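Keeping the supplied structure of chain A fixed, place chain B upon it in accordance with the hints.
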Amino acid sequence: MTFIDNTRLSAGPNSNVELTRFKFNSTTHDGAFQTSVNKGTLAIISGQIAKRSPKAMTVRTPASILGVRGTRFLVKVGEEESR
Amino acid sequence: MGHRKLFILAAVTLFLAACAGPKDLIVLLPNEDGSSSGVVVVENSKGEIVTLDQPLAAARVAKGGSPEQASISQSDIDQTFSGALAAQPPAPVSFVLYFVTGSTRLVPSSDENLKNLFEAVAARQTVEVQVTGHTDRVGKVTDNDRLSLRRAQAIAKMLTVQGIKTSRVLAVGRGEREPLVNTADEVSESRNRRVEVIVR
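Chains as they are written, first to last, in our numbering: chain A, 463 to 545; chain B, 2 to 201.
The set of hints was computed from the structure by calculation and includes no laboratory data.
Quick caveat, the model's predicted, so the values are computed rather than measured.
There are no misleading hints in this set.
Stretch-level coverage of chain B by chain A, calculated; a stretch enters the list once three of its residues show a Cβ under 8 Å from a Cβ in chain A:
| no. | stretch |
| --- | --- |
| 1 | 34-40 |
| 2 | 62-71 |
| 3 | 88-99 |
Okay, the calculated beta carbon distance ranges per label pair:
| no. | chain 1 | residue 1 | chain 2 | residue 2 | range |
| --- | --- | --- | --- | --- | --- |
| 4 | A | 527 | B | 110 | 47 to 55 Å |
| 5 | A | 517 | B | 86 | 23 to 31 Å |
| 6 | B | 126 | A | 527 | 26 to 34 Å |
| 7 | B | 173 | A | 541 | 41 to 49 Å |
Ideal Cβ placement from N, Cα and C applies to all residues, glycine included.
Bound-form chain A, shown alone:
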C-alpha cells in the first residue's frame, strides 16, 4: 500500500497489521501515522510524515513501540516455537 504521504507499507503472508491512525496535511506535511503489527512480517518505507518529527510515525509490535524517522525497515512479530 502506498499512502498519500508516500509511505509504502507491505506485509508478508499470514500477517495482521492494523492502521490505527493516519492524518496528513499535504501543505505542511504534518501528520500522524500509527500502525500495529500483531502477527507476521511488515516492510515499511516511510514517507513525508516520518520526516517531520520522530513522534509522528510509530509502529507497535506486541513487545515494543517503534519510533521512526525517515527510513526503510522491517518488522517481524515473534512467534511461539512450533518445532
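Frame of chain A; chain B shown alone:
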C-alpha cells in the same frame, strides 16, 4: 515421579519458556539507492530503548523484556522477509507536462513525457494518480482556477482512455497560486503552464 518433582519440572519449563519467549525482530535497511537511511528507536513498555541508525542494524525484544541489539545476515533477511519485501510497492513517480498558453493543449515537447507517464501507469498492478493543474499569472485568478482544473481534467481523461478507472484518478486545479517560477502578475511564463502528475 513425586508431585514435588513434577511441580519443579513444570516450574523450570515455564521459566525457560518465558526466557525463550517469542521475540519481535526489527531490522533497519539502507535506502533503495544503498545510502544509509534514518533511525528507528525500539522502546519497550518500561521505556528501555535501543536505537537503530546503521543499515542492517537489528534489535530483538520479547514481551516484558528489554530490547537487545542483534545481528542478522542479508540471507536471513531475504528468507524471513521475502513475502513482505516482494510485496513492496514501487516508489511513486512524478511527471510534469507543459501547455500551450491559455489552452489545454500540450506543447509538443511534452509528448515524450506523456508517453513515460502512460508507461509508468501501465507498469503498476494497482495505481492511483494525482493530477494537479497550474497556470501562469496571465489573466484573472478565477479564470486561471478554471483553466488549471481543465488542464488537469484533460490529462485525467487521457489516463482513463488508457484504461485507468476514473475513481483512481484525482484531478485538481491550483490556478496561479503555486508557480514553479515566481513572476509578477500578468507575466507569461511557459514553465508555470503545467500539470504535475504523481503516480502511486
